[in-house]
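Chemist: Residue numbers (our numbering): 1 to 423.
Hints are computed from structural coordinates only; laboratory data are not their basis.
Check each hint, because a few of them may be wrong.
[Stated by the list, open to error] The calculated label-pair distances, taken between Cβ atoms and stated as ranges, are:
id : residue 1 : residue 2 : range
1  : Asp176    : Glu212    : 16 to 22 angstroms
2  : Leu192    : Glu212    : 38 to 44 angstroms
3  : Phe140    : Thr106    : 17 to 23 angstroms
Ideal placement from N, C-alpha and C gives every residue a C-beta, glycine not left out.
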Amino acid sequence: MSRLFLRIYAALSVGLVAAILASAYFAKKSLDRSVQHQLSAFTAIPAKILAESIAKSPDRDRAVRELSHELGYSIRVRPRREVRVAGDVRGALARGETVVRVVDTTPMIYAPLGREDLVAEIGPLPGVRFIGEGRGILVFGTQFFVLAIAVLLLVRPLEVRLTALSGAARRFGGGDLGARADARSGDAVGELGLSFNQMAGRIESLVEGHHELFRAVSHELRTPLMRIQLALELLARDAGPAARERALGLEEDVRVLESLVDELLVYARLEPGAGALRLESVEVDSLLGAVVRDAGRLRPELRVDLDCPPATEARADARLLRRALSNLVINAVRHARAAVRVTVASSPALTIDVDDDGAGVPAADRERIFEPFVRLEGARSPDTGGSGLGLAIARRVAAAHGAHVAVLDGPMGGARFRWQMGR
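Using the sequences plus the hints, can you model the full thing?
Modeler: In structure tokens form, the structure reads like this:
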């Protein structure tokens with residue numbers, strides 16, 4: 001059962017119970033008085049005659065049995081002090097009055113036997129019986145069952161529509177920017193769906209504009225960068241030694257800018273919902289081998305080791321997986337002191353650990369470091385290089401593959417970047 005159904009049903013049930021109890025309390029008081037008054041009028045004389053007949057009989061017990069058998073209901077003779085009645089009833093019996101009371105939902109007659117301190121207790125009277133406990137439970141149960149059916153008929157269509165709206169919101173949040181809700185009805189849920197669709201449309205337009213801006217700026221930057229690089233090459237060839245050295249430095253800056261543009265394009269393409277992956281079977285050992293060789297060239301003095309079981313495979317987009325793992329290994333190479341180690345475990349899930357012996361990552365920054373353009377204080381030196389997008393791209397590639405990437409304390413004293421994904 002849904003929470004919505006249970007909440008509405010519980011609220012209505014509490015209200016129904018309160019109404020029934022209040023009505024029953026006041027109705028019982030009024031009904032008891034009315035029944036007692038009417039029965040007293042009808043039974044006073046017969047009860048008195050019955051009591052006198054019992055009192056005059058020489059064999060009182062036998063008379064009680066015979067009368068009880070003939071009349072069809074119970075008759076008992078008890079001392080007045082043993083009769084379980086309220087004080088006002090006991091006083092009326094002492095005055096010789098016949099009294100009718102409703103006891104346990106059934107009428108009872110109490111008639112004094114002459115001048116003796118005895119009372120004839122007659123009843124419960126057959127044919128005059130109110131709703132007892134069992135029938136009351138049945139009536140209440142029927143009421144609650146009917147209430148449950150009514151609430152279900154009310155809630156079920158609402159729940160179906162809210163579930164559909166929730167599904168559209170989940171799809172939209174998961175990257176399907178074209179997801180929309182059914183907003184055909186004019187009630188509150190329809191208005192909610194319409195508001196969601198309007199919001200989703202605006203967000204989709206903003207995201208598409210964001211993508212277009214990224215692509216346009218990145219592509220437009222390439223042309224002047226190529227011209228600058230060509231001019232610097234010509235300058236370095238024709239200029240003197242000092243100018244040539246400055247030109248070579250500027251060429252390096254241009255290459256950094258080109259790398260940044262390339263990273264921006266990749267990051268933009270990895271927006272949620274930007275496109276489907278090209279999944280294929282990837283040989284992880286050979287892919288990591290190439291990644292480790294390329295990263296090692298950045299700092300030849302470092303020892304970069306790879307420990308990967310042969311024939312390790314994963315189903316992934318090979319180009320994006322290489323980009324993400326390359327970013328993790330290059331990040332380790334840039335911040336290591338003397339060594340980097342890449343370790344692969346293939347069971348139960350593919351786990352790739354990239355360890356270095358650098359300064360590590362403070363616990364407070366281990367999520368922030370995956371945000372775009374975030375560089376920690378120790379990584380701001382120009383010597384470390386990088387665009388500030390490498391780890392952000394790695395996380396987006398991981399998310400696109402249903403994988404997870406995180407930074408931990410490493411066994412070599414530095415950081416451990418762990419990549420986990422299904423095979």
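Chemist: For the hint 16 to 22 angstroms, verify it against the beta carbon of Asp176 and that of Glu212.
Modeler: holds (19 angstroms)
Chemist: Given a hint of 17 to 23 angstroms, does the C-beta separation of Phe140 and Thr106 actually sit inside it?
Modeler: Holds: the Cβ-Cβ distance is about 20 angstroms, inside 17 to 23 angstroms.
Chemist: Does the hinted range 38 to 44 angstroms hold for Leu192 and Glu212 at CB?
Modeler: violated (30 angstroms)
In this structure, the one hint that does not hold is number 2.
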